[in-house]
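Asker: So you can see what is in the structure, the chains are spelled out below.
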Amino acid sequence: KQEVTQIPAALSVPEGENLVLNCSFTDSAIYNLQWFRQDPGKGLTSLLLIQSSQREQTSGRLNASLDKSSGRSTLYIAASQPGDSATYLCAVRGSSNTGKLIFGQGTTLQVKP
Amino acid sequence: EAGVTQSPTHLIKTRGQQATLRCSPISGHTSVYWYQQALGLGLQFLLWYDEGEERNRGNFPPRFSGRQFPNYSSELNVNALELEDSALYLCASSLATSSYNEQFFGPGTRLTVL
Chain A
1 KQEVTQIPAA LSVPEGENLV LNCSFTDSAI YNLQWFRQDP GKGLTSLLLI QSSQREQTSG
61 RLNASLDKSS GRSTLYIAAS QPGDSATYLC AVRGSSNTGK LIFGQGTTLQ VKP
Chain B
114 EAGVTQSPTH LIKTRGQQAT LRCSPISGHT SVYWYQQALG LGLQFLLWYD EGEERNRGNF
174 PPRFSGRQFP NYSSELNVNA LELEDSALYL CASSLATSSY NEQFFGPGTR LTVL
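As given, the protein sequences belong to chains A and B, one line each in that order.
The first sequence runs 1 to 113 under our numbering.
The second sequence runs 114 to 227 under our numbering.
So here's chain A without its partners, still in its complex pose (with noise of 0.2 angstroms):
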């Protein structure tokens, strides 16, 4: 059965830093990987999918890498900002076709002016 982790649970940073957060899941089969930000009280907003073919992407100051066979992804973001403020969630699609995510229970970031 999937599992996913995201460590830490919570992160406060002041603004300007560089920061990773990390995700790991149990079985390395999967389609891809999903990193989300989610605002309080809203929904989900994708931040950039890796393919299980793929070991990284990039979005602006959001790097996103992946290495199936340790079971590990981190979410690198540079020079961070208040407005990257939010809870931001991992997700895996497993290798069968459920059509199903699976979810951490994601990591809630805090940068302080």
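Since the hints were derived computationally from the structure, they do not count as laboratory data.
Built from N, CA and C at the ideal position, the CB exists for glycine as well.
What you were told as hints is all true, and nothing was included just to trick you.
FRET-style restraints, in silico, Cβ to Cβ: (1) E195/B x R55/A: 42 to 50 angstroms; (2) P8/A x L154/B: 14 to 22 angstroms; (3) E197/B x A78/A: 34 to 42 angstroms; (4) G129/B x E17/A: 49 to 57 angstroms; (5) S53/A x R176/B: 37 to 45 angstroms; (6) S53/A x E197/B: 34 to 42 angstroms; (7) N184/B x G16/A: 45 to 53 angstroms; (8) R135/B x P14/A: 36 to 44 angstroms; (9) F173/B x P40/A: 21 to 29 angstroms; (10) P175/B x A78/A: 42 to 50 angstroms; (11) L196/B x T26/A: 29 to 37 angstroms; (12) G141/B x S59/A: 17 to 25 angstroms; (13) T5/A x N169/B: 22 to 30 angstroms; (14) E166/B x Q110/A: 42 to 50 angstroms.
Computed list of lysine to any residue pairs in SDA-like fashion (alpha-carbon distance at most 20 angstroms, straight line): (15) K42/A x H123/B; (16) K68/A x S96/A; (17) K1/A x N169/B; (18) K42/A x T225/B; (19) K1/A x F173/B.
With chain A held as given, fit chain B onto it using these hints.
Answerer: Okay, now just chain B, sitting in the frame of chain A:
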């Protein structure tokens, strides 16, 4: 291009009632997914519809059901509401059935059961 839309934004019901939640996917997307985000439980997969057919359902009782219409919009029905059904219900859509396709989420419907 419009994203995934959901209605209503908020819904308040009492125990035992029925709730109906609606979702319109991104234009061109044929797959619709439903997830429940209850406090403290994280995001849980509910249902997957594609081309009008239910493709998969998560570990939820039969009180949770839905359908997909010919225009690919979808409806989630929750019967005999219980207090623990209070949650944010999120709908997502993707292109076709390929497992490589990205899922895009709507803003959610907040269901409160009193």
